[in-house]
Amino acid sequence: MSKTLETVFGIHAVDALVRTHPKSVQRLWVQEGREDKRIAALVALAHNQGVPTARQPRKSLDLMVEGRHQGVVAEVLPRLTGHDDNASNEWSEKQLLAHLEGLSRAALLLILDGVTDPHNLGACLRSADAAGVDAVIVPKDKSADLSPTARKVACGAAEVVPFVRVTNLARTLAALKDAGVWIYGAAGEAEQSLYDTDATGSMALVMGAEGQGLRRLTREACDYLIKLPMAGSVSSLNVSVATGVCLFEVVRQRSGLTE
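Quick note: the sequence shown uses the working numbering, first residue 1, plus one each step.
This list has only true hints and no planted wrong ones.
With a Cα cut of at most 35 Å, we get these calculated DSBU-like pairs of lysine-lysine: (1) Lys140 <-> Lys177; (2) Lys140 <-> Lys94; (3) Lys23 <-> Lys59; (4) Lys142 <-> Lys23.
Since the hints were derived computationally from the structure, they do not count as laboratory data.
Take these sequences, add in the hints, and give me the full structure.
Written out as structure tokens, the structure is:
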């Protein structure tokens, strides 16, 4: 396998990739002997999209990736953020701000500050997709990226949710404020509960790493700090679980605006 190629694996992730970015897929490897309906549908989709397919023994696929590939591995070209591929969901900060300027409704952004576990990133992307988040923003340093594991956990969301890597998160937060976006940071020591917060305006939800939480500069840049009330003996939730809870409280509040 060429060193210049990356891999995406798992039926949902590969299906989303073939649907949204078929030109980036150089070859789809399918496990020999797998003829179930999901595999057959994926192979048919690949053929319709002009994606080359080939069969390999399961052991060969096992060597290509680390994790459960579910019988499919796609070899893809590394994608450059936004520059040449208008269909790419990997945006620059400039593209993000242009998107916000063109919105006719309240924006909803998710910012992950120092989340380094690719499983958590993938789960956050999946929740972000389900909640209709406009973009997920991460710092380029000390943060999980769109690795094969993150894509697999995201179940296709990593191929469709706009993903923005920024060099200076504090500067990005300032730019978002200038664009009319309020910054809400999740912090266990906050006095204000999420459920007492008006989440109907344009907002960015900032989630910190487990244990460390929000970094000092990020915390200071937030307009509001909010918390999830905890009734049990556990003091905090996994960041991806907390992200899902917070995002769907925003969805709940906003759903009444369209009824």
